[in-house]
Amino acid sequence: MEFGILFTSQPNLDVEPYPYRSVHERVTQDVLLAEQLGFDYAWIAEHHISKDYGILPDPLVYIANLAALTSRIRLGTAVMTLPLHHPMRLAENVGFVDILTGGRLVLGVGSGYRPYEFEALGVPFDRRRELQDEALPMLLELLREHRIEHAGRDFQLSIGGDYELFPHSVQEPHPPLYMAAATEGSMALAASYGAGLLLSTLPTMSVLANQIRFYLDSCEKTVPERRWNPGFRQIDVARYVYVADSDEAARRESEEGILRHLRSFMHPRTSGYMGTATTGSRAAVAEALDYDELVGETLLHGSPETVASLVQELRERTGATSLMLHFPPYYGPERTRETFSRFAAEVMPKL
Numbered sequence: 001m002e003f004g005i006l007f008t009s010q011p012n013l014d015v016e017p018y019p020y021r022s023v024h025e026r027v028t029q030d031v032l033l034a035e036q037l038g039f040d041y042a043w044i045a046e047h048h049i050s051k052d053y054g055i056l057p058d059p060l061v062y063i064a065n066l067a068a069l070t071s072r073i074r075l076g077t078a079v080m081t082l083p084l085h086h087p088m089r090l091a092e093n094v095g096f097v098d099i100l101t102g103g104r105l106v107l108g109v110g111s112g113y114r115p116y117e118f119e120a121l122g123v124p125f126d127r128r129r130e131l132q133d134e135a136l137p138m139l140l141e142l143l144r145e146h147r148i149e150h151a152g153r154d155f156q157l158s159i160g161g162d163y164e165l166f167p168h169s170v171q172e173p174h175p176p177l178y179m180a181a182a183t184e185g186s187m188a189l190a191a192s193y194g195a196g197l198l199l200s201t202l203p204t205m206s207v208l209a210n211q212i213r214f215y216l217d218s219c220e221k222t223v224p225e226r227r228w229n230p231g232f233r234q235i236d237v238a239r240y241v242y243v244a245d246s247d248e249a250a251r252r253e254s255e256e257g258i259l260r261h262l263r264s265f266m267h268p269r270t271s272g273y274m275g276t277a278t279t280g281s282r283a284a285v286a287e288a289l290d291y292d293e294l295v296g297e298t299l300l301h302g303s304p305e306t307v308a309s310l311v312q313e314l315r316e317r318t319g320a321t322s323l324m325l326h327f328p329p330y331y332g333p334e335r336t337r338e339t340f341s342r343f344a345a346e347v348m349p350k351l
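Residue numbers (my numbering): 1 to 351.
Hints listed in this document are in silico derivations from the structure and should not be mistaken for laboratory results.
Heads up, a few of these hints could be off.
As a list, the in silico SDA-like pairs of lysine to any residue whose alpha-carbon atoms are at most 25 Å apart [said to hold, decoys possible]: (1) K221 x S206; (2) K221 x F232; (3) K221 x G319; (4) K51 x E334; (5) K350 x P304; (6) K51 x Y331; (7) K51 x R26; (8) K51 x L84.
What follows is a list of derived Cβ distance ranges for each label pair [claimed, not checked]: (9) G257 x K221: 40 to 46 Å; (10) P17 x E256: 21 to 27 Å; (11) Y20 x D126: 28 to 34 Å.
Bear in mind the structure is a predicted one, so any value in this text is a computation, not a measurement.
Backbone N, C-alpha and C fix where the C-beta goes; we use that ideal spot for every residue, glycine too.
Start from the sequences and build out the full structure, keeping to the hints where you can.
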């Protein structure tokens, strides 16, 4: 099993001063430490205009910076919100950033789930999947063929003759492709394009097992020419992780903060991306969250032995091939670095 860390560049509003410029240096130091500790991936999220969540608007710009500071760790987007990008501009930048990373880029894309980001950019939120469905094959054709003739509802593009798309990526025909998915339709789409799967922090292990089974069954129908992708049949699951001296210490140190964070995350403005993790009134579900029920099924919290056992259970029950650790900002930089350092030193060797 491979291991990565998801970085959302979320400010700790209680301690980091407005306008939160220090967030990016903090995250950079975390990425450098992750490489030293032996993590396989650093995943960078795209978000816009809200201090309540991530404040990094372009993962590829940031990955270009990280490329100059790292040498081994793979650098992924988790995710580029595909409906908010023109396919040609995204294809150009993917090729260029893959060169800058020396072939370490991993491309994760998704349809998006925060309505206010779409409203700010004048993109209809209720058409995000239509936009993704048109943009994704264009993106792949541009990355593979470097030329395209396309006349669709939302995009018209003609590149041919003496013209072609540059730069070409180091990884041929392009970096590994993953898709974020929370519905069977999205998972079937990912499988049809030979894309790997990125799954949220929120669904329980039981839900994840069903989702992954559906995705792998769908992969059986993937045409041979789309199975070349290194991400094909790979499943990366994001989980909130906290490693402490004991299960009791983990609860004492993290319970109040993680429940507050999850209730904030389940705000109505975050419509979508919840999968089947919640049913009925989201507000009612948020208030009913219980730490004991979440540990194991959703949270990987506890002593090193407990967390290792939970990761092993996750792998066996779901078939996940990679784990994406995630840390809410309320931990603070010291506690965040301590817990993922302990994960690397005391959990990873057991797996």
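Of the hints given before, which are not true for this structure?
-> Those not satisfied: there are none.
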